[in-house]
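Participant: Working from the sequences, and respecting the hints, build out all of it.
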Amino acid sequence: MSGFVFNEKPIQIERGDGAYVYDDSGTEYLDMGASYACVPLGHKHPAVQSAVSEQLEKITYVQASYPNAERTALYDLLADTAPDPIDKTWLCNSGTEANEAALKFARSATGNSKIVATMQGFHGRTMGALATTWKDKYKKPYEPLIGDVEFVPYDDSEALAEAVDEDTAAFIVEPVQGEGGINPTSDGYLEAAREITEDAGAALIFDEVQTGMGRTGALWNSQRAAVAPDMITAAKGLGNGLPIGATLCRDWIAENYGSHASTFSGGPVISAAAGATVSTIIEDSVPGNAAVMGDYLLTELEATIGDDVRDIRGEGLMIGVEVGRGANAALKKLALNHQVLALPAGRTVVRLLPPLTIDEAHADAVVDAMAEVVG
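The opening residue of the sequence shown carries number 1 in the working numbering; numbering runs sequentially from there.
Bear in mind the hints are in silico, worked out from the structure with no lab data behind them.
Heads up, a few of these hints could be off.
[Stated by the list, open to error] Here are the simulated lysine to any residue pairs, SDA-like style, with alpha carbons at most 20 Å apart:
id	residue 1	residue 2
1	Lys-332	Asp-368
2	Lys-135	Phe-6
3	Lys-333	Ile-305
4	Lys-104	Phe-264
Facilitator: Structure below.
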């Protein structure tokens, strides 16, 4: 094989349906990672499939400088669903691009350069987003990265207040850390971040690439916290498996964003997919199911394997099981012995990010598998 990809797995996936994927031999796997949280509605969802098929019959691509109806409809839908007063959207192709744009927008709108980010945070692998990502293993081969980035302990408002000053362009934070180990914030932290950044004239960026689209029990995690940042970044589940990212922002950011652009910003096919995804999530009360099933899964995991692992934590259907340094071994056993696909969050945590449409039978299956692996 002449191509290469980061961390390739030995299972070749051929097709998917709902919460399941199938390899080239026909073996069925329960996809408890939702393919990196990218399919909140499950694989091959009919509403998304239909929207894409219909748009392909019209036109595949329109250069970004020309409006298209699907992009305009998506703009309106995101404005209607975002926390007030966020009502502007810039579209791109991925989460790292959405974060890259947010950092550029913050520097342009504030005239400042300093970025504050959190320890254990992950915001992507392009040069700007990578500079705000914590782990050295992702950064070392590409240094020097962009400068003027300061890291503070996650969920520590006192440290944040010391770091954010009059030279700060933005504070970027995940409302629940994903790659860092599934770490929710404590009550009051995001509210404090809002006050601290506002007082300094800095932008507050919520990276909701993983927490967005209903995963934590509300369409946006910021709605759960009742905090409106200056920007929200989204991707992964926004297109239910098709590549799209978004930077949602307040007017003062949109009016001073500079000249940032992307060739494939809001193309009609991907905009149709995203519009169908968001509409279905709302119409089918998918965030509510994520909240209910998340509580159920957390409760069953705690009752079944709570004494065998270090910790079980999360919000909605964003759950981490801290098993110690054997996380990769546990993931391998889950996949090969129990046909359950999950994800790591560092070296110690098994990350569960299933489709948000799962039911109790799916949850019971993963609990039984985890019991066999770590019990």
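Participant: Each of the hints needs a verdict: does it hold here or not?
Facilitator: Okay, the hints, checked on the actual structure:
no.	hint	result
1	Lys-332 - Asp-368	holds, 16 Å
2	Lys-135 - Phe-6	holds, 16 Å
3	Lys-333 - Ile-305	holds, 16 Å
4	Lys-104 - Phe-264	holds, 18 Å
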